[in-house]
Amino acid sequence: MSTLEIKDLHVSIETENGPKEILKGVSLTVNTGETHAIMGPNGSGKSTLAATIAGHPRYEVTSGSITLDGEDVLEMDVDERARAGLFLAMQYPVEIPGVTMTNFLRTAKTAIDGEAPSLRHWSKDVKSAMEALKINPEFANRNVNEGFSGGEKKRVEILQLELFKPKFAVLDETDSGLDVDALRVVSEGVNRAQEQNQMGTLLITHYTRILRYIKPDYVHVFVDGQVAESGGPELADRLENEGYVRFETATAGA
Amino acid sequence: MTDTQNITLDELSTEGAGTPVIPGMGEEGEQLATELTAGTDATVPGSAETGAVESHVDPSAKVSGADGRAAFGTSRADRISSRELTDFPVLTGREEDWRFTPLQRLAGLHLPDGDQSRLTGTAPSVQVQAQDGITVETVGREDARLGSVLTPDDRVSAAAWNSFEQATVVTVPAELEVGEPIRITVEGTAAEASAQHLLVVVGPHARADVVITHRGSAVVAQNVEFDVQDGAGLTVTSIQAWEDSAVHASAQQAAVAKDATFKHVAISYGGSLVRLTPTARFTGPGAESELYGLYFADAGQHLEQRLFVDHAVPNCTSNVLYKGALQGQDAHTVWVGDVLIRKEAEGTDTYEKNQNLLLSDGARADSVPNLEIETGVIEGAGHASATGRFDEEQLYYLMARGIPESEARKLVVRGFLNEIIQKIGIEDVEQELTEIMETELEVTQL
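Residue numbers (the working numbering), protein chains in the order written: chain U, 77 to 330; chain G, 617 to 1062.
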């Protein structure tokens, strides 16, 4: 079993008016095989948490720690984190003109595994994973994310999740912009990755509808850069009925 | 000195403020953006000069700097075109269209000694790999077909027009679809200033690919005409693969007739000084032109491209994308993109973009998109220019997939260059150019 542990994490970004603190002391422990849903209103810092785990240079950790089985993640470069077994499915995947999906997937897989995948198995794996996610086979020859629709980009993120087999995945609003069919296909992909690899999942979302397809073990409500409340799946049901009003009032009154 | 490391320096766009012109850019707010909002009924001579690595970047200079100001009030429509050398005075270097070119390195192509002189050196040899059905002729300068498309619009082009002895004419007859590319090799062996003339005629509803490869060493002023007739399709790839000492000025003008499609891909990496002026002039409605370019400048090289898309008739579409990579001391590239939508050209849809990637200190990229719009009744018009180091968001994405930084940088640069190479559509040419770009990149410390 592996453990991703976030302790009292404080994160700031640089703004025109100086540094601004976004995360104000977040603590969270995720074990492999577990799914944690992180829910909260827009601007509560959910995506900042995701980007900080992945190591985006824009976010500065001012205090606290992130460790993976005791190893200091914050000391690792972005690529080292990925090779250590962390994966971020991005909310806005980046287009890379001139780099084909095939080339990209093979290069990344080689980097993550430390050796080139066997050509025969790899092509088969890519093909069947694409089929399962209902991605048009011709996408293999297209440039990374270039001209893909929002939904196609999300499928391709999950394709990578399935192929790279990380220990922990952070899904940053993977559900946003997906119609019901796409949401189901993408969710099934996440569930497969979880079953096959005992993956730990941090599922970041604004809405509860993805939780119909991906069942969380734990739900955390994020408000103003902190975990305001944690609970089981029943907390998500309550949010579905009540929204975030209860928490927003609490913040306003604080 | 301003530290420009890892920053996308400049972006200038008239279209879609919500969509980054370069993927991955825009969210960080790092670009020093000057937005020119192009009213579709106004003349918008947007002029952007993007800085060298070592020069500071002053956003205001892009629109109203001393150099930029010169562009205002002068329309591309007013540019002289003439066969008479005397219509183009001896160059001073202060002319709008010569201000970036080091005249002393033109090796006399601009006839600095006056209007009586001519370009008398031995022109590079021209070899055309024939294909079934096409005609290849060598004709004298009196041949009436010459000059049917091209009229010189600068002094060097006029010098070439008044100097050439013989021209090569390649004709694709009406309706013929040429399966294999027509390969034209221009090979230079002499170092005296010379003139050359080529004409490619593609008859109505014919289709052809032409690849012109410039090799060896030469000092040559060249006029190339492409007559793309009704409903025809022509893809031209012009490769400047010269040896280090070559000096090459090439006016490549196309007349694109009704419902015709013209694609021009200019690839420059060889030579001491290369100055291309590709022009696409629409002569009938419903036509389409794509102008692509890739230039890779090493230390001391001057690679200049000034293109002109003339929307003179209704309902034509044009798309321009030029990409440059620069490395080494005094590598200098110039891109000027003039797009003119005349009053008659209703229903025009056009977009032009130039991107430059600076791979080392000491290099300089100038980029000036000029969009002039004389009618409000158009489908769309936009221009963009960006010069910078790497796209950090692309690097981040690749690294977040475990790819080490140095490898990610190479992937991004390769991808950047490949986007143009992919436009050629001829497998062996694409393959060879990809390998050449790999070689160019090997000397780079990314």
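Just so you know, the hints here were simulated from the structure itself, not pulled from any lab data.
Don't take every hint at face value.
Far from chain U, by Cβ distances over 12 Å, these chain G residues were calculated [what the hints assert, rightly or not]:
| no. | residue |
| --- | --- |
| 1 | Asp703 |
| 2 | Pro728 |
| 3 | Arg761 |
| 4 | Ser861 |
| 5 | Lys939 |
| 6 | Arg958 |
| 7 | Asp1007 |
| 8 | Gln1038 |
Derived list of chain U stretches under chain G, where covered just means 3 residues or more per stretch with a C-beta under 8 Å from a C-beta of chain G [as the list claims (entries may be wrong)]:
| no. | stretch |
| --- | --- |
| 9 | 183-197 |
| 10 | 303-315 |
Note that the Cβ used here is the ideal one computed from N, Cα and C, for glycine as well.
Verification of the supplied hints:
Remark: the non-interface label on Asp703 of chain G is consistent with the geometry, its nearest Cβ contact in chain U lying 42 Å away (cut-off 12 Å). Non-interface call for Pro728 of chain G relative to chain U: holds, since the shortest CB-CB distance, roughly 41 Å, exceeds 12 Å. Chain U leaves Arg761 of chain G outside its interface by the beta-carbon criterion, the shortest separation being 39 Å against a cut-off of 12 Å. The claim that Ser861 of chain G is not at the interface with chain U holds, since no C-beta of that chain comes within 12 Å of its own (minimum 31 Å).
For Lys939 of chain G, the requirement that its beta carbon stay farther than 12 Å from each beta carbon of chain U is not met, with the minimum near 9 Å. Its beta-carbon lying about 31 Å from the closest one in chain U, Arg958 of chain G satisfies the requirement of being farther than 12 Å from that chain. Annotated as non-interface, Asp1007 of chain G brings its C-beta within 12 Å of a C-beta of chain U; the closest such distance is 8 Å. The beta carbon of Gln1038 of chain G sits about 7 Å from the closest Cβ of chain U, which is not more than 12 Å, so the claim that it is off the interface is violated.
With 4 residues having a beta carbon nearer than 8 Å to a beta carbon of chain G, the stretch 183-197 of chain U meets the requirement of three or more and the stated coverage holds. Chain G is given as covering the stretch 303-315 of chain U, and this is violated because 0 residues of the stretch bring a CB closer than 8 Å to a CB of that chain, at least three being needed.
Hint compliance for this structure: hints 5, 7, 8 and 10 are not met, and every other hint is.
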